[in-house]
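Engineer: Next come the chains, spelled out residue by residue.
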Amino acid sequence: MIGPLLVFFVVLAVAGVPIAVGMGIAVVVTMAFFTPLPTIGAIQRMITGVDSFVLISIPFFMLTGRLMNVGGITTRLFAFARSLVGPIRGGMAHANVLANMILAGMSGSAVADAGGMGVVVIKAMQQQGYRKELAAAITVAASTIGPIIPPSIPMVIYGAMAEVSVGKLFLGGFVPGALMGLSLMGLIAFWNRRERLPVDRAYHLWEIWKAFREAFLSLLTPIILIGGILSGIFTPTEASAVAAVYAFILSFFILRTVKVADIPGIIVDTFVTTAVVTFIISTTSGFSYLLIIGRIGTLLVDSTLALTTNPYVVLLIINVALLILGCLMEAGVLLILLTPILVPLMKSLGVDLVHFGLIMVLNLMIGVATPPVGMCLFVVSEANEVKLERLMREVIPWCAPLIVVLLLITYMPGLVMWVPNWLMAGK
Amino acid sequence: MHLLWQLSDWADRLARWLLVPIGIGFISVVFLGVLTRYVFHAPIVSSIELARISFVWAAFLGAAICVKGEKHTRFAFLLDAVPGRGRAALKVVIALLCLGFFAFLVVKGVQMVRMVEATYFPALGWSQLWLYLPLPLSACCMFLHALAFLGRDLNALLSQTGQGGGR
Numbered sequence: 001m002i003g004p005l006l007v008f009f010v011v012l013a014v015a016g017v018p019i020a021v022g023m024g025i026a027v028v029v030t031m032a033f034f035t036p037l038p039t040i041g042a043i044q045r046m047i048t049g050v051d052s053f054v055l056i057s058i059p060f061f062m063l064t065g066r067l068m069n070v071g072g073i074t075t076r077l078f079a080f081a082r083s084l085v086g087p088i089r090g091g092m093a094h095a096n097v098l099a100n101m102i103l104a105g106m107s108g109s110a111v112a113d114a115g116g117m118g119v120v121v122i123k124a125m126q127q128q129g130y131r132k133e134l135a136a137a138i139t140v141a142a143s144t145i146g147p148i149i150p151p152s153i154p155m156v157i158y159g160a161m162a163e164v165s166v167g168k169l170f171l172g173g174f175v176p177g178a179l180m181g182l183s184l185m186g187l188i189a190f191w192n193r194r195e196r197l198p199v200d201r202a203y204h205l206w207e208i209w210k211a212f213r214e215a216f217l218s219l220l221t222p223i224i225l226i227g228g229i230l231s232g233i234f235t236p237t238e239a240s241a242v243a244a245v246y247a248f249i250l251s252f253f254i255l256r257t258v259k260v261a262d263i264p265g266i267i268v269d270t271f272v273t274t275a276v277v278t279f280i281i282s283t284t285s286g287f288s289y290l291l292i293i294g295r296i297g298t299l300l301v302d303s304t305l306a307l308t309t310n311p312y313v314v315l316l317i318i319n320v321a322l323l324i325l326g327c328l329m330e331a332g333v334l335l336i337l338l339t340p341i342l343v344p345l346m347k348s349l350g351v352d353l354v355h356f357g358l359i360m361v362l363n364l365m366i367g368v369a370t371p372p373v374g375m376c377l378f379v380v381s382e383a384n385e386v387k388l389e390r391l392m393r394e395v396i397p398w399c400a401p402l403i404v405v406l407l408l409i410t411y412m413p414g415l416v417m418w419v420p421n422w423l424m425a426g427k
Numbered sequence: 001m002h003l004l005w006q007l008s009d010w011a012d013r014l015a016r017w018l019l020v021p022i023g024i025g026f027i028s029v030v031f032l033g034v035l036t037r038y039v040f041h042a043p044i045v046s047s048i049e050l051a052r053i054s055f056v057w058a059a060f061l062g063a064a065i066c067v068k069g070e071k072h073t074r075f076a077f078l079l080d081a082v083p084g085r086g087r088a089a090l091k092v093v094i095a096l097l098c099l100g101f102f103a104f105l106v107v108k109g110v111q112m113v114r115m116v117e118a119t120y121f122p123a124l125g126w127s128q129l130w131l132y133l134p135l136p137l138s139a140c141c142m143f144l145h146a147l148a149f150l151g152r153d154l155n156a157l158l159s160q161t162g163q164g165g166g167r
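Chains as they are written, first to last, in the working numbering: chain B, 1 to 427; chain U, 1 to 167.
Rather than coming from a laboratory, the hints here were simulated on the basis of the structure.
Every residue gets a Cβ at the ideal spot worked out from N, C-alpha and C, and that includes glycine.
Incorrect hints may appear among the rest.
[Unchecked claim] Over the 12 Å line for every Cβ pair with chain U, so calculated as not near, a few chain B residues:
1. Ser57
2. Thr274
3. Ser303
4. Ser348
[Said to hold, decoys possible] With the Cβ distance kept under 10 Å, some of the chain U side facing chain B (calculated, not the full set):
5. Leu7
6. Asp9
7. Gly33
8. Arg37
9. Val56
10. Ala59
11. Leu61
12. Phe77
13. Leu150
14. Leu154
15. Leu157
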């Protein structure tokens, strides 16, 4: 049963059928001809796949990111970051990374961050004398921090599919996200020896204060989100709704950058972007069900344990496989497809599922920045008129520090687990 | 052909027209749920069920709009690699497969709606059909889009075949 299911799906996907439709056809055909199950079960699975209170947070995080971009909040964040690290050589590049780290606390999507922040930052860097390709490459690499520092759409998807606390996953992202930012800043400092990077001017204290004041209300978003979840006031889903409503109040009533006429477009865009993910989740629900009754998880566990019982070796193999697959396939699709397959293996090896979730999400985020199929590369290349093939070459060294962080969090679980164990002990 | 596109455009307008109020309603319900629970200490018990129902509606209507905009994730390398007539033929096959799948969703979706009609949400007291209805409804829109794409791709294939035959 599993053989035909996988063969049908791969053939249809390679032929160019949309992933969600290909998955749906593979599930229905397998159910009809290779199992005694009624095909109406596929319909039921499609609904139950998206009927999840956890997944409800996805459009809210999308909406928050969209309002931040449309409302000009990203520009204010970049100005604030620039005022802090401007005087350092390569200051604008450092500000790019810092602004992405701050934005990561509000938005949960790397692609949204690359699209929103990219246009503002790349233009400013270019005006200061940076090569456009270098500015674009740093932006692409920095945007991958978005789904690591909470909130995070991939973590919500993983949490829903692996039945893991999204709150713990969010908290687990703080240290890896900070490490990603610091490692990129380290590479910028090193890069400065190779290619003398421009220096931004020094900012007076009152200018820093002014930039902080202008960014202050948007800087409250992560505090509302994480503070709300930690204090037990909100669930992650409720926190996402509060953050979206806060972003709306900010951009509509206070900054007045969003008009009534913009609202229908923003709503439609938000749900259309959400639907790209949820339609795949919907049809994959039947796929996961067939994998469970086909005992594919048990088969994978048995065959892996026959080779090795060392979790570190297994994690290394998974990391290499995910890095390769991440270069070839869209991160969200991989996350939805592989979570139900890999989670039983991790459970049997005694790997904490919060730790594994962070490994998986970080790994797949490197995939969105690496050629040939890197969504952030496409977005930044298109929005900033940077030749894709030149950007693909330029971005490769900037992925190296991200891979180092991936290895660090893989083999030092404490880097992930310390914050959730400290702040959510016993929850 | 013109009629197919008109039908597809009409279905797209319907999906967008439904999505805006449902989307706004969904956001309001979840936010009100938080507000009434934590601020007024008088939670609306049915808000979670309303949020679930409106999310499923928004997700499937959004999926239908994605079909119209051809925004669903797919691998394009084979399509890019196959030249001229082969590509046109492959596109026709893809459109046919999509059409078949969406037809299946409509037929089985309606059966599912009938099956769950007599079961009810515990807090709202509404029939479960409201949770399952968006699937066949959105699939209808998707079917119309796929039909229009099939017409377009068949036209492209026939025109290429005509050119090939003329040579």
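Engineer: All hints are to be evaluated individually against the structure, with a verdict given for each.
Structural biologist: How the hints compare with the structure:
Consistency note on B:Ser57: stated as away from chain U, yet its beta-carbon is not over 12 Å from all of that chain's, at 9 Å minimum. The claim that B:Thr274 lies off the interface is violated: its Cβ sits roughly 6 Å from the closest Cβ of chain U, which falls inside the 12 Å cut-off. For B:Ser303, the shortest C-beta to C-beta distance to chain U comes to about 27 Å, beyond the 12 Å cut-off, and the non-interface label holds. No Cβ of chain U approaches the Cβ of B:Ser348 within 12 Å, the least distance being about 31 Å, so the stated non-interface status holds.
Nearest Cβ of chain B to the Cβ of U:Leu7: about 20 Å, over the 10 Å cut. The hint is violated. The beta carbon of U:Asp9 comes no nearer than 15 Å to any beta carbon in chain B, farther than 10 Å, and the hint placing it at the interface is violated. With its C-beta approaching chain B no nearer than about 7 Å, U:Gly33 sits inside the 10 Å limit, and its interface hint holds. Hint status for U:Arg37: holds, given a least beta-carbon distance of 8 Å to chain B, under 10 Å.
At a threshold of 10 Å, the smallest CB-CB gap from U:Val56 to chain B is about 6 Å, leaving the interface hint in force. For U:Ala59, the interface hint holds, since its Cβ comes within 10 Å of a Cβ in chain B; the closest pair sits about 4 Å apart. The criterion of a C-beta within 10 Å of any C-beta in chain B is met by U:Leu61, whose closest approach is roughly 7 Å, and the hint holds. Contact between U:Phe77 and chain B, as hinted, is supported at the beta carbon level, the nearest pair being about 8 Å apart and thus within 10 Å.
The interface hint given for U:Leu150 is violated, since its Cβ lies 13 Å from the closest Cβ of chain B, which is over the 10 Å cut-off. Look at U:Leu154: its Cβ only gets to about 17 Å from chain B, farther than 10 Å, so that hint breaks. At about 15 Å, the closest approach between the beta carbon of U:Leu157 and any beta carbon in chain B exceeds 10 Å, and the interface hint on this residue is violated.
When each numbered hint is compared with the structure, violations occur for hints 1, 2, 5, 6, 13, 14 and 15.
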